[in-house]
Structure formats: structure tokens, C-alpha cells
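Novice: Okay, so the sequence shown: first residue is 1 according to the working numbering, each after it adds one.
No wet-lab data here; the hints were simulated from the structure. Here the structure is a predicted model, which means the values were calculated and not measured. A hint or two may mislead.
Distance windows between CB atoms, simulated [as the list claims (entries may be wrong)]:
no., residue 1, residue 2, range
1, 87, 28, 40 to 50 Å
2, 22, 73, 39 to 49 Å
3, 80, 22, 16 to 26 Å
4, 5, 82, 25 to 35 Å
5, 101, 5, 14 to 24 Å
6, 22, 52, 20 to 30 Å
Built from N, CA and C at the ideal position, the CB exists for glycine as well.
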Amino acid sequence: MMGPAHSLSGAAAWLGVGAAAAAAGRPMPWPVLVVGALICAGAALAPDLDHKSATISRAFGPISKGLCGITEKLSCAVYKATRGPGDPRRSGGHRTLTHTWLWAVLIGAGASAAAVTGGRWAVLALLFVHLVLAVEGLLWRAARMSSDVLVWLLGRPVPGFWPVSWTRRATAPTGCSPPRARSTCGSDCPSSWERSSTTSVTR
1 MMGPAHSLSG AAAWLGVGAA AAAAGRPMPW PVLVVGALIC AGAALAPDLD HKSATISRAF
61 GPISKGLCGI TEKLSCAVYK ATRGPGDPRR SGGHRTLTHT WLWAVLIGAG ASAAAVTGGR
121 WAVLALLFVH LVLAVEGLLW RAARMSSDVL VWLLGRPVPG FWPVSWTRRA TAPTGCSPPR
181 ARSTCGSDCP SSWERSSTTS VTR
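All chains, full assembly: derive it from the sequences and hints.
Specialist: Here it is, written out as C-alpha cells:
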């Protein structure tokens, strides 16, 4: 399961709670429903903190990278210490400790303790972290998916809106074909096209 799937499952879980509350006659105000879904979408990325390429590990630069390294080593050590005779040997800790109920309890207890001891500033910090993760894991991925659909429908990107990679791909010099770039492109072809062997031109 990749980051967007984690985020979607977290948001869906909160929306399910909202639906249950509405069915019980105590509907949530829409701001609570929306903000809660975003917070859960960010929190759902926590299990992947043991993988260096995960969304949560890249979200806050060196800080999250360092925390990822510590978590990965801890997960690996716990797995080796608790591995049974039938369990396979592993060189990393991904999908071990952080994918257990114990990790979920520890994360929840840690967040609760921070909110109680730190007061409103701790709550705001937790809210900020989770919203950043939600945007990174859910909304930005959704935007990229929708833009791919629009590129397919329109046949070309809209200047000023699409990421540089798509604009460059769509505005390659006439006659450039990345799979055969060195043999068919002229001198005006960007070096990135000359090195490419798999990218396709979107027109």
C-alpha cells in the first residue's frame, strides 16, 4: 500500500465515524468532519515512517529523514529480537513494528500526552504536522492524478499550471522522439531528452 492509499483509508475511516455519528442522531458539524478527515489522512501515513522513500519520511526534509532512520533501525531490532523460527530473515524493518497495533497505541498515547502537557501550542503543532502530511499524501496526489486526466482529455498541458516535467515533455522540439533521441533529434533538443529512453511526447 502506497502513501495515497494510506491517506485515503485514514480519511475514509473518519468519514465512516461521521456517518455513524449522523446515524446515531449526533451529526458532526461540517468543519469537524473536513478537518478530522484531513488529520486522519495525515496520521494514516505514520506506519510508513520506517521507509526512507515514504511520503512521511520526505515531508519535512532532514528532520523526517532522521526520524525515519531511527524508526527503521528500531523496527529492525525489534523484529530480530522477536522473530520466531518460521519467520523469514529481513535486512530492514519496513512493515514490521510500525504496522502493529502496538505502534498505533504508542502513537496515539504520544499525541495525547503531547496535547495534555503542551496545551494549545502542542495541539496546533500536531494539527500542522497532520495537515501537511494530508496535503502531501492525499491532496497533491489527487491533483497530479486529475492533471493527468486533463492532459489526456485536452491533449496538451496548460502553460503556467502543469509541473515543469509535463510542460517539458509536451513542448519538446518538433521531430524529437525520446526513445530515438540521439538519432532523430537536432542540436536544439534538450539534454534531458537526449538522455531519455522511455519518456513519450504528449501532444
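Novice: Mind checking the hinted window 16 to 26 Å against the Cβ distance between residue 80 and residue 22?
Specialist: Violated, since residue 80 and residue 22 (Cβ atoms, about 46 Å apart) do not stay within the stated range.
Novice: Taking the Cβ atom of residue 22 and the Cβ atom of residue 73, is their distance within the range 39 to 49 Å?
Specialist: 44 Å, holds
Novice: Does the beta carbon distance between residue 22 and residue 52 stay inside 20 to 30 Å, or does it fall outside?
Specialist: Because 40 Å falls outside the window, the suggested range is violated.
Novice: Okay, residue 5 versus residue 82 on CB: inside 25 to 35 Å?
Specialist: This hint holds: roughly 27 Å between Cβ atoms.
Novice: Starting from the hint 40 to 50 Å, judge whether the C-beta atoms of residue 87 and residue 28 obey it.
Specialist: The hint (40 to 50 Å, Cβ to Cβ) holds, given that residue 87 and residue 28 are roughly 42 Å apart.
Novice: Using the beta carbons of residue 101 and residue 5, state whether their distance is inside 14 to 24 Å or not.
Specialist: 19 Å, holds
Hint violations for this structure: numbers 3, 6, all remaining hints satisfied.
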